[in-house]
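*Asks:* Go ahead and model the full structure; you've got the sequences and the hints to work with.
The letter at position 3 of the sequence shown is residue 3 when you use the UniProt record's numbering, and the numbering goes up by one with no holes.
Calculated from the structure, these hints are not laboratory results.
Hints may be right or wrong, so weigh each one.
Claimed, not checked - 25 Å max Cα-Cα, derived SDA-like pairs, lysine to any residue:
{"no.": "1", "residue 1": "Lys96", "residue 2": "Val144"}
{"no.": "2", "residue 1": "Lys96", "residue 2": "Ser82"}
{"no.": "3", "residue 1": "Lys195", "residue 2": "Ser82"}
{"no.": "4", "residue 1": "Lys96", "residue 2": "His142"}
{"no.": "5", "residue 1": "Lys195", "residue 2": "Gly182"}
{"no.": "6", "residue 1": "Lys96", "residue 2": "Leu109"}
{"no.": "7", "residue 1": "Lys96", "residue 2": "Tyr178"}
{"no.": "8", "residue 1": "Lys96", "residue 2": "Phe84"}
{"no.": "9", "residue 1": "Lys195", "residue 2": "Thr143"}
{"no.": "10", "residue 1": "Lys195", "residue 2": "Asp81"}
{"no.": "11", "residue 1": "Lys195", "residue 2": "Thr9"}
{"no.": "12", "residue 1": "Lys96", "residue 2": "Asp162"}
{"no.": "13", "residue 1": "Lys195", "residue 2": "Val41"}
{"no.": "14", "residue 1": "Lys195", "residue 2": "Arg104"}
{"no.": "15", "residue 1": "Lys195", "residue 2": "Gly171"}
{"no.": "16", "residue 1": "Lys96", "residue 2": "Leu115"}
{"no.": "17", "residue 1": "Lys96", "residue 2": "Arg185"}
{"no.": "18", "residue 1": "Lys195", "residue 2": "Asp162"}
{"no.": "19", "residue 1": "Lys195", "residue 2": "Ala7"}
{"no.": "20", "residue 1": "Lys195", "residue 2": "Glu36"}
{"no.": "21", "residue 1": "Lys96", "residue 2": "Asp149"}
{"no.": "22", "residue 1": "Lys195", "residue 2": "Ala174"}
As the list claims (entries may be wrong) - Okay, the calculated beta carbon distance ranges per label pair:
{"no.": "23", "residue 1": "Pro45", "residue 2": "Leu85", "range": "54 to 62 Å"}
{"no.": "24", "residue 1": "Ser43", "residue 2": "Pro103", "range": "26 to 34 Å"}
{"no.": "25", "residue 1": "Ala21", "residue 2": "Ala165", "range": "44 to 52 Å"}
{"no.": "26", "residue 1": "Gly86", "residue 2": "Ser28", "range": "46 to 54 Å"}
{"no.": "27", "residue 1": "Cys181", "residue 2": "His37", "range": "38 to 46 Å"}
Treat the numbers as computed from the prediction; the structure is a model and nothing was measured.
A virtual CB, placed ideally from N, CA and C, is assigned to each residue, including glycine.
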Amino acid sequence: MRNLIPAGTPILMTRVAEENASTPEAVSGAFALLHEHRLAVRSAPDRVTVLPISEGQLRDACFLREQAEVEIVRIVAGNADSDFLGELREQIQRQKVVGLRSPRDLLRLDDRFHLTLAERAGFGSIWPQLESWKLCTDRVRHTVEESLDPELMISQHSAIVDRIAMGDAEGAAAAMRYHVCGVLRQVPEYRLSHKALLAD
1 MRNLIPAGTP ILMTRVAEEN ASTPEAVSGA FALLHEHRLA VRSAPDRVTV LPISEGQLRD
61 ACFLREQAEV EIVRIVAGNA DSDFLGELRE QIQRQKVVGL RSPRDLLRLD DRFHLTLAER
121 AGFGSIWPQL ESWKLCTDRV RHTVEESLDP ELMISQHSAI VDRIAMGDAE GAAAAMRYHV
181 CGVLRQVPEY RLSHKALLAD
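*Replies:* Given below as structure tokens:
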């Protein structure tokens, strides 16, 4: 689920099956998963429609991400060594290169950054759950062109790493909280400029 199809787009399941050399049953199961995540709804026997972004679901995802990832960076700030800090700084340099060339590709490196922190804290096994929440918040980044500011994202990552390097657990937590909640701060603006993309 990479959030590449705009809200309101109708999708024919038989066409998807044909184009991917898959069975109708497999395609139906895949769309059932999209429905479970409130990303699409069946609008006809052979058709599903991509749903708008749910503000309620977005708030829930941001809340859950914040609770988990703030605690993760608190732990990391207490156990990061020079090798690990070097790895994080290398990731940020890579983000700068990729962000200039292809901002959308930056989201994959953002995933890697958050996974690296989770693994360092000893919570790599919960990444699938963290990723599902992150997919919800990243949907805004994929859907609203101006919502993805590479320089802003990278500067926020740098602020997190700087606080970790200082051993400042609460500073790292505050920097992570600000980073994770960025999408919510933008919602009021997008509610006016992209009405069709958001739903209560």
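*Asks:* Run every hint past the structure and note whether it holds.
*Replies:* The hints, checked one at a time:
1. Lys96 x Val144: Within the cut-off at roughly 21 Å; holds.
2. Lys96 x Ser82: holds, 21 Å
3. Lys195 x Ser82: violated, 47 Å
4. Lys96 x His142: Distance of about 19 Å is within 25 Å: holds.
5. Lys195 x Gly182: holds, 19 Å
6. Lys96 x Leu109: Given that 25 Å is the threshold and the Cα spacing comes to 10 Å, the pair holds.
7. Lys96 x Tyr178: The given pair, whose Cα atoms are some 20 Å apart, holds under the 25 Å limit.
8. Lys96 x Phe84: Roughly 19 Å between the alpha carbons, so the hint for Lys96 and Phe84 holds.
9. Lys195 x Thr143: Judged against 25 Å, a Cα distance of about 12 Å means the pair holds.
10. Lys195 x Asp81: Given pair Lys195, Asp81 is violated - Cα atoms ~46 Å apart, limit 25 Å.
11. Lys195 x Thr9: holds, 15 Å
12. Lys96 x Asp162: Given that 25 Å is the threshold and the Cα spacing comes to 16 Å, the pair holds.
13. Lys195 x Val41: With a Cα-Cα distance of about 19 Å, the restraint between Lys195 and Val41 holds, given a limit of 25 Å.
14. Lys195 x Arg104: holds, 22 Å
15. Lys195 x Gly171: violated, 36 Å
16. Lys96 x Leu115: This hinted pair holds, its Cα atoms lying about 18 Å apart.
17. Lys96 x Arg185: holds, 24 Å
18. Lys195 x Asp162: Between Lys195 and Asp162 the Cα gap is close to 37 Å, so the pair fails against 25 Å, i.e. violated.
19. Lys195 x Ala7: Answer holds: Lys195 to Ala7 is near 11 Å, not above 25 Å.
20. Lys195 x Glu36: Status holds; Cα separation ~23 Å.
21. Lys96 x Asp149: holds, 12 Å
22. Lys195 x Ala174: violated, 31 Å
23. Pro45 x Leu85: 54 to 62 Å: Because 55 Å falls inside the window, the suggested range holds.
24. Ser43 x Pro103: 26 to 34 Å: Because 32 Å falls inside the window, the suggested range holds.
25. Ala21 x Ala165: 44 to 52 Å: Because 49 Å falls inside the window, the suggested range holds.
26. Gly86 x Ser28: 46 to 54 Å: About 47 Å separates the Cβ atoms of Gly86 and Ser28, which means 46 to 54 Å holds.
27. Cys181 x His37: 38 to 46 Å: Violated: the Cβ-Cβ distance is about 21 Å, outside 38 to 46 Å.
Consistency note: the structure conflicts with the earlier hints numbered 3, 10, 15, 18, 22 and 27.
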